[in-house]
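Visitor: Line by line, the protein sequences are chains W and G. Numbering of the first sequence is given in our numbering, commencing with residue 6 and proceeding in unit increments. Numbering of the second sequence is given in our numbering, commencing with residue 149 and proceeding in unit increments.
FYI, nobody ran anything at the bench for these hints, they're computed from the structure. Check before you lean on any hint, since a few could be wrong.
The list that follows gives simulated cross-link-like pairs (lysine-lysine, BS3-like), each with its CA atoms no further than 30 Å apart [to be verified]:
1. 554/G to 217/W
2. 217/W to 559/G
3. 292/W to 323/G
4. 71/W to 351/W
5. 431/G to 458/G
6. 178/G to 431/G
7. 403/W to 259/W
8. 348/G to 306/G
9. 274/G to 418/G
10. 567/G to 147/W
11. 147/W to 458/G
12. 348/G to 147/W
13. 567/G to 217/W
14. 224/W to 274/G
15. 147/W to 109/W
Far from chain W, by Cβ distances over 10 Å, these chain G residues were calculated [said to hold, decoys possible]:
16. 291
17. 372
18. 455
19. 562
Beta carbons: idealized from backbone N, C-alpha and C, even for Gly.
Here is what each chain is made of, one letter per residue.
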Amino acid sequence: MPITRRYFFKSGGMALVSFAAAPQFLMRTALGQSNTDAGKDRPVIIAIFQRGAADGISMVVPFGDKNYASARPQIAILEPARGEERAIDLDGFFALHPALDSLKPIYDAGHLAVVHAVGSPDSTRSHFDAQDYMESGTPGNKSVSDGWLNRYLQTTASKTASPFRAVAVSPTLPRTLAGPAPSVAMQRVADFGIRAGRATSQVEELFADFYKDTFDAVKMLREANSQSYVPAGGAQYPNSSFGQALLQIAQLVKSNIGLQVAFADVGGWDTHANQGAGRGQLANRLKEFGDGLAALYRDLGDRMRNIVIVTMTEFGRAVRQNGSGGTDHGHASSLFVAGGPVKGGKVYGQWPGLAPEQLYERRDLALTTDFRDVFAGLLTGHMGSKDVSRIFPGFTPKNPLKVL
Amino acid sequence: MQDVIHLLNRIAFGARPGDVERVSDIGIEKYLEQQLQPERIDDNATEARLSHLRSIRMSTEELLKTYLRPRQARQLQMRSMLQNVPQQILQDLQAQKVIRAVHSQRQLQEVMVDFWFNHFNVFWGKNADRWLTTNFEMDAIRPRLFGKFKDLLMATAKSPAMLFYLDNHLSSSIKGINENYARELMELHTLGVDGGYTQKDVQEVARAFTGWSIERPQVNGEFIFRSRMHDVGEKNVLGHKISDGGIRDGEAVIEILSRHPSTAKFIATKLVRRFVSDESPEKLVQHVAGVYRNTDGNIREMLHAIFTSKEFRAPESTGAKTKTPLEYVASAIRNLDGATDGSRPLVQSIARMGQPLYQCQPPAGYPDRGDHWMGTGAVLERLNFAVALAGNEIRGTSVRFNEPVKTIVAKLGSPEFQKR
Numbered sequence: 006m007p008i009t010r011r012y013f014f015k016s017g018g019m020a021l022v023s024f025a026a027a028p029q030f031l032m033r034t035a036l037g038q039s040n041t042d043a044g045k046d047r048p049v050i051i052a053i054f055q056r057g058a059a060d061g062i063s064m065v066v067p068f069g070d071k072n073y074a075s076a077r078p079q080i081a082i083l084e085p086a087r088g089e090e091r092a093i094d095l096d097g098f099f100a101l102h103p104a105l106d107s108l109k110p111i112y113d114a115g116h117l118a119v120v121h122a123v124g125s126p127d128s129t130r131s132h133f134d135a136q137d138y139m140e141s142g143t144p145g146n147k148s149v150s151d152g153w154l155n156r157y158l159q160t161t162a163s164k165t166a167s168p169f170r171a172v173a174v175s176p177t178l179p180r181t182l183a184g185p186a187p188s189v190a191m192q193r194v195a196d197f198g199i200r201a202g203r204a205t206s207q208v209e210e211l212f213a214d215f216y217k218d219t220f221d222a223v224k225m226l227r228e229a230n231s232q233s234y235v236p237a238g239g240a241q242y243p244n245s246s247f248g249q250a251l252l253q254i255a256q257l258v259k260s261n262i263g264l265q266v267a268f269a270d271v272g273g274w275d276t277h278a279n280q281g282a283g284r285g286q287l288a289n290r291l292k293e294f295g296d297g298l299a300a301l302y303r304d305l306g307d308r309m310r311n312i313v314i315v316t317m318t319e320f321g322r323a324v325r326q327n328g329s330g331g332t333d334h335g336h337a338s339s340l341f342v343a344g345g346p347v348k349g350g351k352v353y354g355q356w357p358g359l360a361p362e363q364l365y366e367r368r369d370l371a372l373t374t375d376f377r378d379v380f381a382g383l384l385t386g387h388m389g390s391k392d393v394s395r396i397f398p399g400f401t402p403k404n405p406l407k408v409l
Numbered sequence: 149m150q151d152v153i154h155l156l157n158r159i160a161f162g163a164r165p166g167d168v169e170r171v172s173d174i175g176i177e178k179y180l181e182q183q184l185q186p187e188r189i190d191d192n193a194t195e196a197r198l199s200h201l202r203s204i205r206m207s208t209e210e211l212l213k214t215y216l217r218p219r220q221a222r223q224l225q226m227r228s229m230l231q232n233v234p235q236q237i238l239q240d241l242q243a244q245k246v247i248r249a250v251h252s253q254r255q256l257q258e259v260m261v262d263f264w265f266n267h268f269n270v271f272w273g274k275n276a277d278r279w280l281t282t283n284f285e286m287d288a289i290r291p292r293l294f295g296k297f298k299d300l301l302m303a304t305a306k307s308p309a310m311l312f313y314l315d316n317h318l319s320s321s322i323k324g325i326n327e328n329y330a331r332e333l334m335e336l337h338t339l340g341v342d343g344g345y346t347q348k349d350v351q352e353v354a355r356a357f358t359g360w361s362i363e364r365p366q367v368n369g370e371f372i373f374r375s376r377m378h379d380v381g382e383k384n385v386l387g388h389k390i391s392d393g394g395i396r397d398g399e400a401v402i403e404i405l406s407r408h409p410s411t412a413k414f415i416a417t418k419l420v421r422r423f424v425s426d427e428s429p430e431k432l433v434q435h436v437a438g439v440y441r442n443t444d445g446n447i448r449e450m451l452h453a454i455f456t457s458k459e460f461r462a463p464e465s466t467g468a469k470t471k472t473p474l475e476y477v478a479s480a481i482r483n484l485d486g487a488t489d490g491s492r493p494l495v496q497s498i499a500r501m502g503q504p505l506y507q508c509q510p511p512a513g514y515p516d517r518g519d520h521w522m523g524t525g526a527v528l529e530r531l532n533f534a535v536a537l538a539g540n541e542i543r544g545t546s547v548r549f550n551e552p553v554k555t556i557v558a559k560l561g562s563p564e565f566q567k568r
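This is chain W alone, in the form it adopts within the complex (with noise of 0.2 Å):
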């Protein structure tokens, strides 16, 4: 068979797809301004995505609840007080992981907040279905095949748009960005092309009648980052796949490419055996996860106050540890926002409370808010979404938490 565009149309990868209907003068009109001021004040949205379902009641203590405790004799986290590896106060009730120590400065300059008992409605248990409902922000309904971002992107397509306008910092694209509205999956800014020496060009020649609109964003992200990237304020990213997807992020935000949506995951949060108290660990990946968001906000500066961060994870670990000093799936988790619009210093959400008759299916911390209502809440009050009924279909805001 011939190799034809058309083929390709049948038959090739969604994001080149995506990437083909972006014409080719709109590349050059985001090409022309990338070096200006233009691009600084649009707002953009970074969502993190904790794979493996994190432990929420771990992520932040809630340490004034009776129940807690006891539910955790070799697990739970130790409440404020002097002393190493002790939770670290928020409001009287509730306390960060020790771990997350380099995020109380930002919650105390009021950019960091916290909801709690947040999560999705369906009750599944399987990471795989709950990772899917909560990246198609469909629960319970998996026919939805694009993801809440791609409609996002959809639904407020301009015609001046980069094609960097939505990046998964990661080898495949997630499922939380995928759908037609054009989004790049790639793993590092420095890699992005074809790696040919002085046969480049030949290369992407060769290649053109395919892959042209995948050339024209690889020139422009090269010029656009022509010198090494080194970040600012002195920040540390964590020497670690997710260290480095953040920097390349902060990387893509000041290259003034037209970045609006970034997404970036980060594993092993599926802590059924031994996962620790103030150390262990569960706390090596909340070390990792707190430094990383912290060192992306250090190194993001001023640019913050029109960014917003927003985490996730599937859903929360089961109140009581199991017999191998872990915890099993749960239900409701807590997630973070910060950013320079976010309202922070403060644990947002209703607290369901741990005594046994308080518990989901008498096991699980209930849920109070569902993710669905924070999402929603970003995407209007930040991202400039007129109407969230076409990205979050057959979900009524109810419950809105006022975050930024």
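Place chain G on chain W using the hints.
Guide: For chain G alone, kept in the frame of chain W given last:
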């Protein structure tokens, strides 16, 4: 001829020069029959290519003695040499996988190893699994690729790699159960997430598997049933009462799950998705699930039913699947009559395209859907690979061809070559 190319794209990692003619000569039926009986195919030449990969033939006990944990090495005041760190075990595993994909005469066998390992995924990087994964692939998966699904399931259930990966080795009647394995056993290995089990079933299955553990994980890493950790009470799993006691409780669960119609459907769906198309045709799934039920889960019979179905041969299934990074890389080397020793640069290319081998962390394994693999960055990596391969610039891998390099790069990078 088109049907032979299609067959080789599906039951093999693509055709080598001359393969199409060879298969046409002996006929598709005969070739299929051979591939479904791999032990009768001589593959000594491939085995010879694996001879330098010492660790893949070691028992777990030998691996633990040879490849020391960093702390152990310090205590013994040994300088950890590159050859005896556990990372070498991973490199050997990755190398044997790509060598076999590229060179083995038993191509369907290698496709099925990839399929079943991914179905029963374990993550090499999880602590003890660095020493246990080799045994999992070589001794639990490889010998049971075409037999009864139940036997494969039982072997994985008793595999130390799985017991460790999904935490069942810690599940205990004394300290309390751990639900991890019980849930994934039903969701991912047998019934499927909508297969009709409840949270209560998860807990009951976990109780049945209490005591299925690992004997001295740092010395020999063998399966052991610890009766002291076992919950002796009666369990009720999917409406079946289990009260035999002891190790037979878990074995009874394997029996119940492998006989369940949801399992027949789930396994049929995944096989059809792998070999026919991302949206498994419903009629074929029903048919293959019927074969499962009528043959007590005979994998060879199910595969034969798929390969001889009209859905498999239908024109719309030609080129309907997107190659995974492994499939793309192996098929490119095979297409160019190439050879590889599985050195790291090749394995790293596959990782950059999104598929680091043996390092998939979630228990669901890598998705078997085309849209997952074709993000912008991944496509650029595929083009970069095409350029490096055609230029013979990948250490440990070589290819040969008569056409101009440019023609080869254009072929390997084309959208069409991303499909199978």
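Visitor: So, for every hint listed, does it hold in this structure?
Guide: Okay, the hints, checked on the actual structure:
1. 554/G to 217/W: Holds. Residue 554/G to residue 217/W sits at ~17 Å (cutoff 30 Å).
2. 217/W to 559/G: Given that 30 Å is the threshold and the Cα spacing comes to 17 Å, the pair holds.
3. 292/W to 323/G: holds (29 Å)
4. 71/W to 351/W: Holds, at about 21 Å.
5. 431/G to 458/G: holds (11 Å)
6. 178/G to 431/G: Holds. Residue 178/G to residue 431/G sits at ~26 Å (cutoff 30 Å).
7. 403/W to 259/W: The given pair, whose Cα atoms are some 36 Å apart, is violated under the 30 Å limit.
8. 348/G to 306/G: holds (23 Å)
9. 274/G to 418/G: holds (26 Å)
10. 567/G to 147/W: holds (26 Å)
11. 147/W to 458/G: holds (29 Å)
12. 348/G to 147/W: Holds, because 24 Å separates the two Cα atoms, which is no more than 30 Å.
13. 567/G to 217/W: holds (20 Å)
14. 224/W to 274/G: violated (39 Å)
15. 147/W to 109/W: Violated. Residue 147/W to residue 109/W sits at ~38 Å, over the 30 Å cutoff.
16. 291: Given a closest Cβ separation of 29 Å, the condition holds.
17. 372: holds (16 Å)
18. 455: holds (23 Å)
19. 562: violated (5 Å)
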